[in-house]
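Protein sequences appear in the order of chains R and C.
First residue of the first sequence: 1485, per this note's numbering; consecutive thereafter.
First residue of the second sequence: 1485, per this note's numbering; consecutive thereafter.
Heads up, some of the hints might be wrong.
[Unchecked claim] One-sided and incomplete, this derived list gives chain C residues near chain R with beta-carbon spacing under 7 Å:
| # | residue |
| --- | --- |
| 1 | 1511 |
| 2 | 1562 |
| 3 | 1563 |
| 4 | 1579 |
| 5 | 1580 |
| 6 | 1582 |
| 7 | 1583 |
| 8 | 1596 |
| 9 | 1617 |
Just so you know, the hints here were simulated from the structure itself, not pulled from any lab data.
For every residue, glycine included, the Cβ atom is placed at its ideal position computed from N, Cα and C.
There are 2 protein chains.
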Amino acid sequence: MSIDPERDLEIQRDISLSAEALWRGWTDPDTLMKWFCPRPWKVVECDIDLKPGGLFRTVMQSPEGQNQPEGVGTYLVVEPCRRLVWTNALTPDFRLKPPLPADDSLGFFFVVDLSFEPLPGGGTRYRAVCTHQTAAAREAHEKMGFHQGWGVALDQLVELMSLPA
Amino acid sequence: MSIDPERDLEIQRDISLSAEALWRGWTDPDTLMKWFCPRPWKVVECDIDLKPGGLFRTVMQSPEGQNQPEGVGTYLVVEPCRRLVWTNALTPDFRLKPPLPADDSLGFFFVVDLSFEPLPGGGTRYRAVCTHQTAAAREAHEKMGFHQGWGVALDQLVELMSLPA
Chain R
1485 MSIDPERDLE
1495 IQRDISLSAE
1505 ALWRGWTDPD
1515 TLMKWFCPRP
1525 WKVVECDIDL
1535 KPGGLFRTVM
1545 QSPEGQNQPE
1555 GVGTYLVVEP
1565 CRRLVWTNAL
1575 TPDFRLKPPL
1585 PADDSLGFFF
1595 VVDLSFEPLP
1605 GGGTRYRAVC
1615 THQTAAAREA
1625 HEKMGFHQGW
1635 GVALDQLVEL
1645 MSLPA
Chain C
1485 MSIDPERDLE
1495 IQRDISLSAE
1505 ALWRGWTDPD
1515 TLMKWFCPRP
1525 WKVVECDIDL
1535 KPGGLFRTVM
1545 QSPEGQNQPE
1555 GVGTYLVVEP
1565 CRRLVWTNAL
1575 TPDFRLKPPL
1585 PADDSLGFFF
1595 VVDLSFEPLP
1605 GGGTRYRAVC
1615 THQTAAAREA
1625 HEKMGFHQGW
1635 GVALDQLVEL
1645 MSLPA
């Protein structure tokens, strides 16, 4: 998909893992919990109902042991090992969440479009595009540390899936 | 899907048409334009790219000949002749629209979940569930005449598809 620089954030990297391994990282709850947020934060709960309109739910825990409010969203596209699209703007069965309060500076809706493209020489081109409702939401997400956070998490995924089985 | 009486509106009817005929009514632009809004209003433009993330666009015209702002949305589920889900909260490629102004009393986002269930004795159980972000949006949509409007449009669809070919 093409990028709207005003409203989108993007991370792309060529990775020496198969698309299957990256897919498992994103879609198997036990695997996802091991990499999805930068340490020392961790994911302590994860539910995945892998189908369009199915639940994607995580609970993160701070280094002090404090559970955060659950993150709930739903899948829009599930193409095994190729493309996964999900959003936090809808809940399962494609129900729209209520609008966010205008003064909620940390809250914003987004859609994440993940693609896993096998490379001719082996490995996978991994791309995550995160689209927002407004330029302000994109900026807030960037300032929260989107690039670093997603980059570190991706490092953790690559490390995890590179371990001897 | 189950109904949330606070936020959903629903119309259901058993119709003596095939699921294929109803599907064509919803997914073929030339056909849709002939029934989609209650006369003497009419649809003067329609674009359909029938896939998840594809464009659904209509332009309605008032009895006085005034074109209204285009209605743009995207499809979420496309299961031929069985289920069609679309929303006006996202544009193609699953891009979220900006939040609506709080004082926009006629504007609201919704998701429409259409199902076409073949009946044992012939005909089809047609069901349209329209879900909203809030109870207030549901109420505004109901007061705009949801039940009458969708009912009359459905009458027009049945009449159209019952004509001799």
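Results of checking the hints against the structure:
For residue 1511 of chain C, the interface hint is violated, since its Cβ never comes within 7 Å of a Cβ in chain R; the closest pair sits about 18 Å apart. The closest approach between the C-beta of residue 1562 of chain C and any C-beta of chain R is roughly 10 Å, which is over the 7 Å cut-off, so the hint fails. Taken as an interface hint, residue 1563 of chain C does not check out: its beta carbon lies about 10 Å from the nearest beta carbon of chain R, beyond 7 Å. Interface restraint check for residue 1579 of chain C: the shortest CB-CB distance to chain R comes to about 5 Å, inside 7 Å, so the restraint holds.
For residue 1580 of chain C, the interface hint holds, since its Cβ comes within 7 Å of a Cβ in chain R; the closest pair sits about 5 Å apart. Hint status for residue 1582 of chain C: holds, given a least beta-carbon distance of 5 Å to chain R, under 7 Å. A distance limit of 7 Å between C-beta atoms decides the matter here; for residue 1583 of chain C the minimum to chain R is near 5 Å, and the interface restraint holds. Interface restraint check: residue 1596 of chain C against chain R, minimum CB-CB distance 10 Å, threshold 7 Å, status violated.
Annotation: residue 1617 of chain C was flagged as interfacial toward chain R, and the flag holds, the nearest CB pair being 5 Å apart, inside 7 Å.
The structure fails hints 1, 2, 3, 8 (numbered hints given earlier, in ascending order).
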